[in-house]
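Protein chains: 2
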Amino acid sequence: MPVTTDNSTTAMVGYSIYEKNKLPISVNCLDDKLIIEWDDGAQSEYHYLWLRDNCHCEQCITSLTREQIFEICDVPFTIKPSNANISPEHELQITWDFENHHSRYLAGWLEQHCYTKASREARQLKPTLWDRQQISQYLPTHQYQDIMSDSQALLNWLYEVRDYGISIVKNVDTSENTVKKVAERISFIRETNFGTIFDVVAKNNANSAAYTTLRLPLHTDLPTRELQPGLQFLHCLVNDAQGGESILVDGFKIAQYIRENYPDDFIALTTLSMSFYNKDKASDYRFDSPAISVNNQGEVVEVRLANFLRGPIAIAADKMQAIYAGYRRFMLLARQERFQFFHRLNAGDLLVFDNRRVLHSRNAFSLEQGHRHLQGCYVDRDELLSRIRVLERELA
Amino acid sequence: MPVTTDNSTTAMVGYSIYEKNKLPISVNCLDDKLIIEWDDGAQSEYHYLWLRDNCHCEQCITSLTREQIFEICDVPFTIKPSNANISPEHELQITWDFENHHSRYLAGWLEQHCYTKASREARQLKPTLWDRQQISQYLPTHQYQDIMSDSQALLNWLYEVRDYGISIVKNVDTSENTVKKVAERISFIRETNFGTIFDVVAKNNANSAAYTTLRLPLHTDLPTRELQPGLQFLHCLVNDAQGGESILVDGFKIAQYIRENYPDDFIALTTLSMSFYNKDKASDYRFDSPAISVNNQGEVVEVRLANFLRGPIAIAADKMQAIYAGYRRFMLLARQERFQFFHRLNAGDLLVFDNRRVLHSRNAFSLEQGHRHLQGCYVDRDELLSRIRVLERELA
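Those protein sequence lines, which keep their order, are chains A and G.
463 is the number that our numbering gives the last residue of the first sequence; the numbers go up by one with no jumps.
463 is the number that our numbering gives the last residue of the second sequence; the numbers go up by one with no jumps.
These are calculated hints, taken from the structure and not from any lab test.
One thing to keep in mind: the hints can contain errors.
Since copy identity is lost for identical chains, a pair holds within one copy or between any two.
[Said to hold, decoys possible] The calculated lysine-lysine pairs, modelled on BS3-like cross-linking and capped at a C-alpha distance of 27 Å, are:
no., residue 1, residue 2
1, LYS348, LYS248
2, LYS87, LYS348
3, LYS248, LYS87
4, LYS386, LYS184
5, LYS386, LYS193
6, LYS348, LYS147
7, LYS100, LYS386
8, LYS348, LYS386
9, LYS270, LYS386
10, LYS100, LYS89
11, LYS100, LYS193
12, LYS248, LYS147
13, LYS248, LYS237
14, LYS237, LYS193
15, LYS248, LYS89
16, LYS147, LYS100
17, LYS87, LYS270
18, LYS386, LYS147
Model the full assembly from the supplied sequences, consistent with the hints where possible.
Right under this line is the structure:
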């Protein structure tokens with residue numbers, strides 16, 4: 068991988084640019100790691116195995132695909148520097164005691180990948196949680212023409228989609244399949260058994276409550292799938308029906324509220340598996356999962372709930388009352404108006420939300436006054452985050 | 068939902084058929100649950116909330132979509148039967164103390180959904196683990212004509228794909244895109260940034276080591292994606308190259324071996340996050356996850372490893388030596404021949420394996436003797452399991 072370095076404040080490794088905000092001034096070698104002291108007084112530690120693993124040289128990274136060919140299990144677990152120093156170009160330079168291999172690390176790259184607790188936390192995404200009042204004060208709203216034609220406007224929109232988990236795009240072309248064009252500003256569409264683009268219209272022989280005029284309770288889509296679809300797009304082409312308002316609730320806000328106020332329910336919701344079933348003629352999906360998922364830092368990363376797609380819970384009998392208590396707590400809170408955002412989609416509106424965070428529902432509607440036609444599709448979180456990184460690179 | 072019942076041994080609820088293997092003979096109501104005694108002497112307990120939640124009546128389940136409209140948070144947490152008895156048709160019949168609602172439960176349905184520990188364990192899928200010797204003694208092998216034309220042959224193949232995580236289909240038509248036809252015997256294809264069907268040929272400007280003639284180390288595909296693709300299909304159209312043998316390792320077998328012999332490494336591998344990066348010109352995927360995932364019953368459900376797609380690990384400094392020890396342990400074991408299955412794909416062979424379980428690699432190859440062309444695609448585990456359930460229903 069070509070490493071370019073100069074006296075400017077930035078440098079490139081592979082496709083990424085690393086700003087040099089501070090400079091390393093000394094390196095101190097210990098048993099299994101070294102400590103770098105920076106010119107702002109901070110210290111960072113880097114383990115030898117980690118450093119050797121992350122060597123950027125052309126022997127370790129193939130220039131053909133920029134993928135790592137060196138394998139860390141091919142050196143001793145006890146590998147150490149025979150020499151380590153800070154170069155005049157502010158690089159950490161190491162010669163290893165195994166095969167005399169030589170490695171160089173840019174200051175900006177080291178800073179960016181420092182793994183002290185503070186550095187890791189600073190890099191973590193922080194969702195902006197909302198309730199009825201908060202989302203009414205600021206609803207992320209973007210213009211179709213802008214996001215379709217301008218990379219910076221696109222990036223601004225995607226940041227808000229990522230952080231708020233909700234946004235409205237206005238003045239969207241109301242011709243069919245426009246939702247696909249908007250979604251493809253991010254990436255390819257996540258296909259499901261409902262196809263790639265789905266039409267939300269009331270129809271006979273509905274295989275989902277979505278395709279009726281019925282009220283839908285608050286839910287996430289496709290909880291029966293191991294990976295629930297990430298972003299959901301709902302584009303309104305026509306809406307002359309009475310009723311049918313969308314109701315959205317930030318599931319992460321509810322989860323936080325339960326965590327703070329009802330810790331037993333939070334434990335039940337994050338550790339005991341609900342069952343989700345969706346049996347149709349040609350498919351039979353089932354998945355068991357807690358209603359709230361936390362990552363291994365304990366942060367809430369997903370909610371999964373749809374009353375009409377639940378199956379019989381199959382957990383230890385002595386936990387059955389606890390899971391029902393937790394589930395009821397969640398649903399009863401989500402039904403409270405203080406958490407609910409009401410929105411009527413009109414022709415030309417496109418609602419985008421994180422289906423793994425924001426519960427959605429709609430009121431029943433009547434078609435006596437006119438027609439109602441939405442088109443929807445899904446794009447996964449991976450694609451959103453990848454697109455944001457590529458745009459950041461392009462616009463840097 | 069129509070419930071049909073008669074004196075035969077089976078009965079239907081929705082799309083499913085429930086066999087009546089034993090009969091309930093008495094019901095004993097306690098505080099928050101009831102106990103059924105069966106004619107074989109066994110007992111099952113069912114909580115009142117669970118029973119009320121699973122009422123099959125047409126008020127609770129809309130006949131239109133067979134989805135549940137009743138919501139358990141609309142009844143008191145302390146709901147109880149005012150009456151419960153076993154009917155002459157061997158149904159559990161309950162009248163509830165709230166709204167006088169009446170519910171009926173078929174014996175076969177109750178038996179099938181019993182949640183004692185023994186019943187839950189009996190319903191759990193058990194993968195058949197393998198090493199070199201075991202897979203050499205029995206390699207699941209199926210015929211293209213059979214799986215394409217016969218539902219029972221298809222189901223038999225899918226059972227083996229599910230349980231062994233590997234299978235070979237022989238005598239596959241070698242025309243292009245046949246892999247898609249085979250995959251679609253299960254369901255739709257999982258699209259990725261490599262498209263739906265990918266051609267594995269050596270090419271210039273490769274954006275993945277897969278598209279070179281290089282040796283590939285053992286790996287799972289797309290560990291940079293939150294949900295790694297489930298099944299991987301590799302169809303060999305032509306193989307006149309020298310070398311390029313496939314090497315496959317059952318990652319669940321390695322995980323089990325580590326769990327039994329190196330418990331500290333197992334803890335590191337299941338709790339500490341590796342980082343997976345794949346930076347290309349138009350995409351930039353990253354995902355952090357432990358290399359081994361266990362579900363909330365402690366069973367290994369996934370491995371995620373690809374040396375060439377790793378990024379700098381970002382975990383607490385005091386865990387850094389432990390994660391490297393665990394990762395090296397896994398890779399060094401996977402490199403041992405006793406765990407490796409070698410297979411040369413010839414024209415007309417189609418290899419299918421669970422990409423979230425089986426690590427794959429290939430030797431370097433030379434094109435001096437001839438051409439090599441594979442076509443591949445992915446289908447997710449959800450689709451496999453759904454297809455199995457639908458086939459079971461159709462063939463019952």
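Tested hints:
Taking the closest pair of Cα atoms, LYS348 and LYS248 come within 27 Å of each other only across two copies (21 Å); inside a single copy the shortest separation is 31 Å, beyond that limit. Only between protomers do LYS87 and LYS348 lie at most 27 Å apart by alpha-carbon distance; the minimum there is 23 Å, versus 59 Å within a single protomer. In the homo-oligomer, the alpha carbons of LYS248 and LYS87 never lie at most 27 Å apart, since the shortest distance is 38 Å inside one protomer and 52 Å across protomers. Proximity of LYS386 and LYS184 under a CA criterion of 27 Å is satisfied inter-copy only: 12 Å between copies versus 35 Å inside one chain copy.
Taking the shortest Cα distances, LYS386 and LYS193 sit within 27 Å of each other only across copies (24 Å), while inside one copy they are farther apart (32 Å). In the homo-oligomer, the alpha carbons of LYS348 and LYS147 never lie at most 27 Å apart, since the shortest distance is 62 Å inside one protomer and 35 Å across protomers. Within a single copy, LYS100 and LYS386 get their C-alpha atoms only as close as 45 Å, which misses the 27 Å cut-off; across copies the closest is 12 Å, which meets it. Proximity of LYS348 to LYS386 under the C-alpha cut-off of 27 Å is found in neither arrangement, the shortest distances being 33 Å within a copy and 49 Å between copies.
For the identical chains of this complex, LYS270 and LYS386 are neighbours neither inside a copy (40 Å) nor across copies (56 Å), given an alpha-carbon limit of 27 Å. With identical chains, the CA atoms of LYS100 and LYS89 are at most 27 Å apart within one copy only, with a shortest distance of 21 Å there and 64 Å across copies. In this assembly of identical chains, the alpha carbons of LYS100 and LYS193 never lie at most 27 Å apart, being 31 Å within a copy and 42 Å across copies at closest. Taking the shortest alpha-carbon separations for LYS248 and LYS147, neither the intra-copy value of 53 Å nor the inter-copy value of 53 Å comes in at or below 27 Å.
In the homo-oligomer, the alpha carbons of LYS248 and LYS237 lie at most 27 Å apart inside one protomer (15 Å), although the nearest pairing across protomers, at 41 Å, exceeds that limit. In this homomeric assembly, LYS237 and LYS193 come within 27 Å of each other (Cα to Cα) only inside a single copy, at 26 Å, whereas the closest approach across copies is 51 Å. Taking the closest pair of Cα atoms, LYS248 and LYS89 never come within 27 Å of each other, the shortest separation being 43 Å inside a single copy and 56 Å across copies. In this assembly of identical chains, the alpha carbons of LYS147 and LYS100 lie at most 27 Å apart only when taken from the same copy (8 Å versus 63 Å across copies).
In this assembly of identical chains, the alpha carbons of LYS87 and LYS270 never lie at most 27 Å apart, being 59 Å within a copy and 37 Å across copies at closest. In this assembly of identical chains, the alpha carbons of LYS386 and LYS147 lie at most 27 Å apart only when taken from different copies (18 Å versus 51 Å within one copy).
In summary, the structure is inconsistent with hints 3, 6, 8, 9, 11, 12, 15 and 17 from the numbered list given earlier, while agreeing with the others.
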